[in-house]
Amino acid sequence: MFVSARADAVDGVRAISPFLLGIVPFGLVYGVTAVDQGLPPTIVAAMSALVFAGAAQLAAVDLVARGAPAVVVLTTILVVNLRYPMYAASIAPHFRAFSSRWRALCAYLMTDQAYAVALTEYRERDPSPARRKWYYLGAAGTLWVAWQASTITGVLVGAQVPPGLSLEFAIPLTFLALLVPNVTGRSSALAAGIGGVGTVLGTNLPYDVSLVVAALVGVLAATALDGVLEPATDGEETVGSDEAEAIGGDHDAAADGDDADEGAGSNAGGRS
Amino acid sequence: MTTSTNALWLIVIAGGVGTFALRASFIVVVGRVDEIPPRAERALEFVPAAVLAALVVPAIVVVEPTNAALPAIEYSPKLPAAALAAVVAWKTKNVPATIAVGMVALWTLQAL
Numbered sequence: 009m010f011v012s013a014r015a016d017a018v019d020g021v022r023a024i025s026p027f028l029l030g031i032v033p034f035g036l037v038y039g040v041t042a043v044d045q046g047l048p049p050t051i052v053a054a055m056s057a058l059v060f061a062g063a064a065q066l067a068a069v070d071l072v073a074r075g076a077p078a079v080v081v082l083t084t085i086l087v088v089n090l091r092y093p094m095y096a097a098s099i100a101p102h103f104r105a106f107s108s109r110w111r112a113l114c115a116y117l118m119t120d121q122a123y124a125v126a127l128t129e130y131r132e133r134d135p136s137p138a139r140r141k142w143y144y145l146g147a148a149g150t151l152w153v154a155w156q157a158s159t160i161t162g163v164l165v166g167a168q169v170p171p172g173l174s175l176e177f178a179i180p181l182t183f184l185a186l187l188v189p190n191v192t193g194r195s196s197a198l199a200a201g202i203g204g205v206g207t208v209l210g211t212n213l214p215y216d217v218s219l220v221v222a223a224l225v226g227v228l229a230a231t232a233l234d235g236v237l238e239p240a241t242d243g244e245e246t247v248g249s250d251e252a253e254a255i256g257g258d259h260d261a262a263a264d265g266d267d268a269d270e271g272a273g274s275n276a277g278g279r280s
Numbered sequence: 015m016t017t018s019t020n021a022l023w024l025i026v027i028a029g030g031v032g033t034f035a036l037r038a039s040f041i042v043v044v045g046r047v048d049e050i051p052p053r054a055e056r057a058l059e060f061v062p063a064a065v066l067a068a069l070v071v072p073a074i075v076v077v078e079p080t081n082a083a084l085p086a087i088e089y090s091p092k093l094p095a096a097a098l099a100a101v102v103a104w105k106t107k108n109v110p111a112t113i114a115v116g117m118v119a120l121w122t123l124q125a126l
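Chains V and A, in that order, give the protein sequences. Those letters in the first sequence? Residues 9 to 280, by our numbering. Those letters in the second sequence? Residues 15 to 126, by our numbering.
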């Protein structure tokens, strides 16, 4: 029993490990820039432990550094993390057999990567509840440890970095790298266009509300015009292909068949 | 940075609780919902693109505060550096490579 649990967890660790290549530098950037922007090290580390969501944490650092009010920072964290209910709804049926404590732990550990890796495994092999649990904990737990460790390393290194290197520019660059694969078609391009341009046009509005307003308008406009921008040739599209897209981490699975995310996804299911 | 330590702790704790609530939503509370409406799901797919762009653009485009309704845009070496980084992001989908190219481009342009 214990041996099997360990083997299942090790499989999860293996499946998630390609993602560490991206997560560790991301954690370092977060730690270094947060300290560079003047945030106290304890706050920087506590945010990694409590919020545990890279993009939201970087956004929070960015806004705090610009002097945004706490309400705006909080709202932004939650808006950036609005994708989690989508993941939760999708993976919840697979967690149904777990006790509520295990489900709470699994929820806390949810990330884009853990979701992608676990759902691929569940779908391709329909494993037992025990394997589902340990596989997920192995994958998600590994990412958690990597995130905390790289964040703390970044905080320690960040204190040694000389000023004047424009390190704050690493924050938009990271977001840019995450943004590009999320623009998968005309609708998401419209959402991004309104979000980006609208925020700049609204700069003269009271502090930083323009970010949340422009992003929400972008999402609503893209949703409303989706039928016109991307006419539904996919009326017959099966649930399976919808989910394949979700596994790709919000980007077009078909177009990105060769990228690292997809590679890790197929490793998860392809290993014997 | 002018935010007080208390406000920072509020952000960290409330942000943590809120994020956990979003993650736990369907897993812990509902536990047995198989599907969310397709239109809501589609809307949620647009959230990353809209939010990320809203974070990227103001950090790259330097805006001059004016008294007019619309702000004035001024040139910054961050613009071409970010454009180059965008190409790298598009071609490689690699976060560290994007950061590296963008930072080196900015330093180079600043040194010129």
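Treat the hints as calculated values from the structure; they're not laboratory data. Careful: at least some of the hints might be erroneous.
[Said to hold, decoys possible] Cβ pair distances, simulated, as ranges:
(1) A:R56 to V:V18: 34 to 40 Å
(2) A:I87 to V:R14: 54 to 60 Å
(3) V:R109 to A:S90: 35 to 41 Å
(4) V:E132 to A:V76: 47 to 53 Å
(5) A:I87 to V:S174: 49 to 55 Å
(6) A:S90 to V:V79: 53 to 59 Å
(7) V:P137 to A:P94: 51 to 57 Å
(8) A:L126 to V:A157: 34 to 40 Å
[Stated by the list, open to error] Covered stretches of chain A (in silico footprint by chain V; criterion: 3 or more residues with CB under 8 Å from a CB of chain V, positions within the stretch not fixed):
(9) 20-30
(10) 63-72
(11) 86-99
(12) 114-122
In this text the structure is predicted, and so the values were computed from the model without any measurement. C-beta: ideal position from N, C-alpha, C; glycine also.
Hint check results:
About 37 Å separates the C-beta atoms of A:R56 and V:V18, a value consistent with the hinted range of 34 to 40 Å. The hinted range of 54 to 60 Å is satisfied by A:I87 and V:R14, whose Cβ atoms lie roughly 57 Å apart. At about 51 Å, the CB distance of V:R109 to A:S90 disagrees with the hint of 35 to 41 Å. For the hinted restraint 47 to 53 Å between V:E132 and A:V76, the CB-CB distance of approximately 48 Å keeps it satisfied.
A C-beta distance of roughly 19 Å is found between A:I87 and V:S174, which places it outside the suggested range of 49 to 55 Å. In this structure the hint that A:S90 and V:V79 lie 53 to 59 Å apart at CB is violated, the actual value being about 29 Å. Separated by about 53 Å at the C-beta atoms, V:P137 and A:P94 satisfy the suggested range of 51 to 57 Å. The hinted range of 34 to 40 Å is satisfied by A:L126 and V:A157, whose Cβ atoms lie roughly 38 Å apart.
Interface restraint, the region 20-30 of chain A with chain V: holds (10 residues with C-beta to C-beta distance below 8 Å; minimum three). By the rule of at least three residues with a Cβ nearer than 8 Å to a Cβ of chain V, the coverage given for the region 63-72 of chain A holds, with 10 such residues. As drawn, the region 86-99 of chain A meets chain V at 5 residues by the rule of a beta-carbon pair under 8 Å; at three or more, the given contact holds. As drawn, the region 114-122 of chain A meets chain V at 4 residues by the rule of a beta-carbon pair under 8 Å; at three or more, the given contact holds.
Hint check: violations occur at hints 3, 5 and 6; the rest are consistent with the structure.
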